[in-house]
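K.L.:
Turn these sequences into a full structure, and let the hints guide you.
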Amino acid sequence: MPLKLDIKKKLCSRSERVKCVEIHTQQPWVVAGLYNGNIIIYDYITQAVLKSFEVSNFPIRCAKFIPRMHWLIVGSDDKNIRVYNYNTLDKVKTFQAHDDYIRSVIVHPTLPYILTSSDDCMIKLWDWEKNWEQKQSYEGHGHYVMQIVFNPKDYTTFASASLDRTVKIWGITGTSNAHYSLIGHTQGVNCVEYYPGGDKPYIISGGDDMKIRVWDYQTKQCIHTLSGHHHNISSVIFHSDLPLIISTSEDSTVKLWHSSTFRLETTLNYGMERGWAQSCGNKLLAIGFDEGTMVLKLGSDEPLCSMTNTGYIIWVKNNEINSANLRVNECDLIDGEIVNLIVKETETCEFFPQYIKHSPNGRAFALCGDGDYVIKSSRAFRSQGYGSSQEFAWSSSGFGDFAIRLGNTVKILRDNEEKVSYKAPFTVENIFGGFLLAVKGDEYCDFVDWESGALIRRINISPRQIYWSESGKNVAIILEENFFILQFKHDAVGKTQVEDDGYPEAFELMFEILENINSGLWLSECFLFTTSNNKLNYCLGGKSMTLVTLDKKMFIIGYIPQQNRVYLMDCDRNVISFTIMLSFIEYQIAVVQEDFEKAEAIFPSIPENYHNKCAKFLDSLGYKEEAMAITTDKDHKFDLALQLSNLEEAYEIAQGDDQNDTKWKMVGDLALLGGNFDLAESCMAKSKDWNGLLLLYTSIAQGDKIRDLAETTIKEGKMNVAFVCYFLLKDTDKCIDCLIKSGRIPEAAFFARTYAPSRISDVVKMWKEYVSKYSKVTADSLTDPTEYLDKFPEIQLALKAEKTLKNFYSQSFGAENYATAMSVFDMDFLSLVAEDENIDIMQILSQPPECPDDPFESS
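Residue 1 is where the sequence shown starts when you use the UniProt record's numbering, and the numbers rise one by one after that.
Just so you know, these hints were derived from the structure itself, not from any lab.
Treat the hints with care, since some could be wrong.
Said to hold, decoys possible - Straight-line Cα separation of at most 20 Å, DMTMM-like style, residue types lysine to aspartate or glutamate; simulated pairs: (1) Lys665 with Asp737; (2) Lys64 with Asp78; (3) Lys8 with Asp449; (4) Lys552 with Asp43; (5) Lys715 with Asp689; (6) Lys800 with Asp780; (7) Lys489 with Glu443; (8) Lys730 with Asp708; (9) Lys8 with Glu481; (10) Lys730 with Glu802.
P.N.:
Next comes the structure, spelled out in structure tokens:
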């Protein structure tokens with residue numbers, strides 16, 4: 001059975017011919033060495049060019065990152081090795097390493113050494129800590145040395161591939177002669193690679209004979225030959241995580257072979273002409289072609305892992321099965337920190353697993369892959385069953401039932417014996433376990449009864465994953481960009497008329513959540529999940545709420561109720577845990593279900609540090625009084641008091657935080673809306689809301705308080721408020737003083753000319769003194785109206801009008817005389833004063849208004 005390989009493009013960039021590529025081990029970078037002598041460093045996540053520079057006019061055939069030194073080392077056809085700081089692009093070192101083209105360079109993982117090989121048939125060892133001293137040279141090949149690689153299980157040995165048709169094994173210590181040679185290729189050997197795992201002593205090589213040979217370097221024998229390419233093979237590598245041999249050829253194809261069965265899994269051709277080089281990272285493959293660089297992602301980021309609710313965890317890397325107990329160091333657990341695992345047992349699986357899952361009772365686990373499955377006991381790893389299968393799924397019934405898929409036929413087994421089978425009317429792509437068996441097709445998903453194999457319901461979607469709650473009441477159906485929460489109505493099955501698509505009433509759509517999720521888990525009736533934007537969320541009542549923001553991509557693997565901790569695993573198989581109180585989740589579920597008696601019974605068991613979270617949850621659902629009763633967060637309580645118009649509570653909280661002007665202002669606004677003017681005035685004064693106080697005093701006609709406010713705001717430097725206060729009080733002298741104190745002398749002069757001509761001489765004098773500091777001509781152009789009566793003939797009348805109005809403004813009027821007093825502002829005082837200098841405004845106001853002529857009578 002072919003491997004399920006999800007292959008996605010991460011980067012595709014067109015350029016000149018690419019002769020070498022290298023993936024950075026710590027950054028999302030890939031470097032491409034071009035035939036035209038240039039280097040390009042890409043960010044394969046953003047697809048941006050980070051660095052691009054010219055090394056020489058000669059082709060570059062090898063480039064390697066040295067992350068611990070922040071270096072990029074480059075070898076080219078001008079026979080030189082160049083070392084750059086890849087952050088600053090400063091050149092660290094340049095030296096001639098060989099007498100011919102440099103074909104390959106590799107970096108020792110721990111020592112300050114590099115190895116180089118060349119068309120001069122030589123391999124050389126260099127020490128950068130000794131100013132790039134040549135430590136050793138190796139001779140023995142009779143033609144170009146095309147590639148060299150270190151042995152990942154023994155860094156003191158390395159292998160070389162040459163056009164002399166041999167692969168030779170060498171050591172960096174001792175003799176400079178080859179330990180032995182692997183002979184079998186009929187033409188030149190272009191590439192060589194060691195198997196990265198510890199279970200197979202393999203070397204692979206590819207050459208111009210279009211063959212890939214697999215060698216056992218212990219017996220020095222060729223154990224297999226892979227054929228399929230139609231031109232020279234440029235590069236071969238083992239994938240670091242997947243059981244794959246990947247080969248790149250001048251026939252423009254990239255072939256993926258199974259490293260255990262040596263079966264050809266797939267052939268890739270992206271139309272970028274000849275392939276020259278490749279580099280493998282974690283789930284990544286970079287390839288250099290004639291027409292550019294490509295980075296592919298192979299497989300899923302999700303680690304193969306399963307965990308029981310008692311804390312027993314198993315995970316798979318390649319063919320190795322590891323296990324650990326998460327309850328060993330319970331006291332040392334810290335939220336968000338990596339859990340120190342003590343690996344208890346390691347076993348090798350005979351096939352490459354692509355599925356691993358514990359049975360619901362945790363006593364056994366199943367592995368499935370390469371067309372086979374095996375069931376093992378959780379602790380002793382004893383085999384409890386095996387067989388052929390393309391997919392595997394456990395039933396949550398507790399009887400040990402499971403399902404396997406063979407083509408379009410799904411078989412349900414109990415005690416390793418077939419109980420019933422189901423054949424879908426569409427092409428089956430996958431199966432999912434749980435309360436019902438889910439059979440997925442390209443457009444449909446059938447839910448099937450475990451006992452009878454009968455169709456319960458067919459839905460017109462193709463889910464990526466399905467998660468059932470423990471009760472079997474709810475199910476989460478995961479799609480690419482969203483997921484649905486359905487309620488399974490067990491009572492509806494069998495009671496209604498069955499149709500071609502099953503029972504129409506079997507499922508009811510509860511919610512749709514627009515989240516792209518990576519993994520999920522039900523805690524009681526609450527769905528916990530991780531999102532593609534690295535958040536740990538939970539879903540209740542159709543709302544998605546964030547528990548934790550994660551620092552990288554993680555996947556939920558399980559929950560231990562006794563610890564109240566959820567466990568996650570990252571792409572590097574590190575285990576991380578977070579505290580999630582089950583009582584807190586159950587309380588929220590009870591509230592959502594409006595079972596308030598149950599919620600009150602659960603609440604005492606919730607730790608006090610979760611009470612505020614409970615209050616915020618109640619607040620989000622509109623239960624504000626209940627939230628206010630349990631919250632201990634003063635800010636939250638204050639907000640709730642305002643929303644509930646509880647002035648007494650809000651005022652008491654504001655008193656406890658006397659320095660917070662914002663709270664006093666909010667309480668004052670609420671009191672003002674409620675007509676509690678005394679409380680509003682007190683709050684506005686404490687919050688220094690001068691504008692609010694001005695509005696309040698003018699609305700309730702408090703002239704004395706307006707004057708007090710003016711004096712207070714002058715001390716506070718709020719001249720604009722003070723000016724308005726005095727203007728409302730008709731105290732023109734104080735208005736002018738405010739303008740002068742705030743440095744607005746020109747405005748003071750114009751104000752005096754309009755409202756207080758008795759002050760104009762003083763203000764104009766001040767204005768001239770101020771302006772003369774900058775321009776004497778401008779100062780001389782300013783004129784005092786009292787000194788030039790011929791040019792300002794009405795100034796005398798204005799002075800008399802001012803005196804008359806001051807006498808009028810000094811009097812007080814009741815609200816019943818408002819209309820009479822306001823009529824003063826419709827009078828032409830200058831004309832009245834011109835007619836009678838001793839005019840009595842009160843006498844004019846006391847006269848009854850003249851009746852207008854009756855138009856009908858005059859006609």
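K.L.:
State for each hint whether it applies.
P.N.:
Each hint, compared with the structure:
1. Lys665 with Asp737: violated (30 Å)
2. Lys64 with Asp78: Holds, at roughly 17 Å.
3. Lys8 with Asp449: violated (36 Å)
4. Lys552 with Asp43: Status holds; Cα separation ~18 Å.
5. Lys715 with Asp689: Satisfied, since the Cα-Cα distance of roughly 14 Å is no more than 20 Å.
6. Lys800 with Asp780: violated (28 Å)
7. Lys489 with Glu443: The given pair, whose Cα atoms are some 23 Å apart, is violated under the 20 Å limit.
8. Lys730 with Asp708: Answer holds: Lys730 to Asp708 is near 15 Å, not above 20 Å.
9. Lys8 with Glu481: Answer holds: Lys8 to Glu481 is near 17 Å, not above 20 Å.
10. Lys730 with Glu802: holds (11 Å)
Going down the numbered hints, you'll see the structure goes against 1, 3, 6, 7, while the others check out.
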